[in-house]
Amino acid sequence: MTATETFALEGHIVDSLILPKVLDLVLESGSDYRLLDVAIGRTPTDPSRAVIEVTAPDDQVLATLAEQLQVQGANPLDSGQAETEPAPADGVAPVDFTATTNLVTEVRIDGRWITADRAEMDCTLVVRDDRVVTTPLHRLRRGDAVVVGSSGVRVVAPDRGRGRDGFEFMDSDISTEKPKATQLRALADRLRQARADGVEVLAVCGPVVIHTGGGPAVARLVQGGWIQRLFAGNGFATHDIESAVMGTSLGINVASGAGTEGGHSNHLRVINEVRRHGSIAAAVEAGYVPAGVMHACVTHDIPFVLGGSVRDDGPLPDTMTDVVEVADRMRDEVAGVGVALMLASTLHAIATGNVLPASVATYCIDINPSVVTKLSDRGSHQAHGIVTDVGPFLGQLADELGA
Amino acid sequence: MSAGALTWGRRFLMCPPTHFGVLYEINPWMHAEVAVDLERARTQWDGLVAALREAGAEVEVIEQDAEVPDLVFTANAGIVSGETFVPAHFRHPERQPETERFATWFADRGATVERLPDDLSHEGAGDALPFGADTGPGAPVLLSGYRFRSDAAATTPLSVLTGAVVRPIELVDERLYHIDITFCPLDDRHALCAPLGWDRYGTAVVESLVPEPLWLTDDEALAFTANSVVVGTTVLMPHVPPRVGRQLEAWGFDPVAVDVGEFLKAGGACRCLTLALDVDLTGAG
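In order, the protein sequence lines correspond to chains A and B. Positions in the first sequence are counted from 1; adding 766 to them yields this note's numbering. Positions in the second sequence are counted from 1; adding 335 to them yields this note's numbering.
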């Protein structure tokens, strides 16, 4: 990643050739510069001043160059250091704590810019040894050195990679009138790119994926190695298992669409049997769950996080009912994820958006355009929307990828 | 063009070597195991004083004590401009006690003492020599060396405090750690110049400033040829290379060799042992 710093150079820098020397040093280091401001003194004794923005190929080059420029009298313009205050109690930040965004954040400590360990919105920044740790409020411990104020803190604007994935023209608004075939191919290309780059793909699934018949397609994507993480709720996993065991989703036959006798309790009976086995994995191993997305996750070693809610039935033994614990598990699991697919999920999509860095390409596939809007409104500006019926779309996506 | 137009260099501050010795090593010439013959140093210093007086200069004296053996190198005391004195900020802690000795001496004689910012180093006239070239309306240009002992950033406050037009020159050879080992103004057209000590930008600045430079070879530069003192047309030099002597004489100067061998053991020669007191950088003088 390139590194940028703005330097100010003052004095008799023109006739002494110091300005051209500084610019030459910048270019010789493989970096580039922009002269943001040059004020030439009017008389021979008036000092001149140049403000130079330097963009280096990486932090190391910038650090070496900064030392050379310092010899020439050019100093970083924002030499402000980050300030910290100790956390007053466990789970409590100092009053003026710096709140994070989901962009890469750098903190200046002892004259060096240090990149925070990860980007997550709505967290605090804790300085520990020579590291900056992005820390949610509840993980703060009394005495942690929490960054306060805005001095010595900056965010790195994301590289949107314009023109790469064919989604640019659709970003202006979320419309039902976009060409689906083009969006499908572009998403497939992005997933192929992720595989080539070795970054992992996260699927966040709502129960509608199962209701609309998309379950088998997601299972194929898991089996084909196109999805490496799964986040969902109790409902998605329940209906996925219900459809695998009984052929219904909330009692409705997934293949025929017809209601079934006593089907309203199918999901409860499925939950009860999985509880009897102790876990989804145990139910899969015992042969109770013969197919479906959860089956594919268990048999292909794909980690999944099931976050509970107040209205859950059962719940399944794997469903985590402590929401703070769920968020922490999700934080742990998003490391290494480069693409996120939000599949007909509102609440889990927004929860996931909260812990994702802005650098994760996020695709929101939903019949309801407002889900993408909600994600963006909550700060996940990187979300692309595909407004479509998720079941058929996933089938076509799996076909396109040959999964 | 004939010689002898230097507007300064008739009054000098010097410090007799009563406690002189190589007690630490802060430049490549200093070797603590090399003994200084204090008696011979005193004789050589007396010889330089005599030569200066014979050339028509006045010499004033500051006394040293055991804590500041390098006080003999008065060139590093600070920058004089008219009634203003800007004491040096030394890079090395070993020399930092010298600042207040010099500041007190000047204050006692009625000078206005102006201070550089605490965080910037600048080693006085050792790293700043005026060249009264025809570049501006009256004010001479102060060529100021930086990197080893002085900071480039110090030249801006120096300009503000003294009224001088400062041209910072980057020094690139650690053996030539002060600009007064690389440059010696002879008058407003001529100067001894040792490009060995400068980068190409600094060399270009000197080329544009000095109409008739006498370029020193690397050997001449490393023999401290440029660390000379000019009084009128007399040039007091630690030694006179025949080639340099002939050129100086052709320009109308009178080169005189003054033995300062004991001081070369500490990396200093004639210029380092003197501070011109009659410099005015505002253009008024």
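Be aware that one or more of the hints could be misleading.
[What the hints assert, rightly or not] Chain A stretches covered by chain B per the calculated footprint, using a threshold of three residues with CB under 8 Å from any CB of chain B:
1) 829 to 841
2) 1069 to 1079
[Unchecked claim] Computed Cβ-Cβ distance ranges for the label pairs, DEER-style:
3) B:D553 with A:T770: 35 to 45 Å
4) B:R578 with A:Q847: 54 to 64 Å
5) A:G796 with B:D553: 44 to 54 Å
6) A:D876 with B:G596: 31 to 41 Å
7) A:R878 with B:P363: 52 to 62 Å
8) B:P432 with A:D1098: 52 to 62 Å
9) B:A340 with A:E819: 43 to 53 Å
10) A:P786 with B:E509: 20 to 30 Å
11) A:G796 with B:E360: 35 to 45 Å
12) B:D554 with A:R878: 25 to 35 Å
Simulated from the structure, these hints should not be mistaken for lab results. All residues carry an ideal CB built from backbone N, CA and C; glycine is no exception.
How the hints compare with the structure:
{"no.": "1", "hint": "829 to 841", "result": "holds (count 4)"}
{"no.": "2", "hint": "1069 to 1079", "result": "violated (count 0)"}
{"no.": "3", "hint": "B:D553 with A:T770: 35 to 45 Å", "result": "holds, 41 Å"}
{"no.": "4", "hint": "B:R578 with A:Q847: 54 to 64 Å", "result": "holds, 55 Å"}
{"no.": "5", "hint": "A:G796 with B:D553: 44 to 54 Å", "result": "violated, 32 Å"}
{"no.": "6", "hint": "A:D876 with B:G596: 31 to 41 Å", "result": "violated, 46 Å"}
{"no.": "7", "hint": "A:R878 with B:P363: 52 to 62 Å", "result": "violated, 31 Å"}
{"no.": "8", "hint": "B:P432 with A:D1098: 52 to 62 Å", "result": "holds, 58 Å"}
{"no.": "9", "hint": "B:A340 with A:E819: 43 to 53 Å", "result": "holds, 46 Å"}
{"no.": "10", "hint": "A:P786 with B:E509: 20 to 30 Å", "result": "holds, 24 Å"}
{"no.": "11", "hint": "A:G796 with B:E360: 35 to 45 Å", "result": "holds, 37 Å"}
{"no.": "12", "hint": "B:D554 with A:R878: 25 to 35 Å", "result": "violated, 43 Å"}
When each numbered hint is compared with the structure, violations occur for hints 2, 5, 6, 7, 12.
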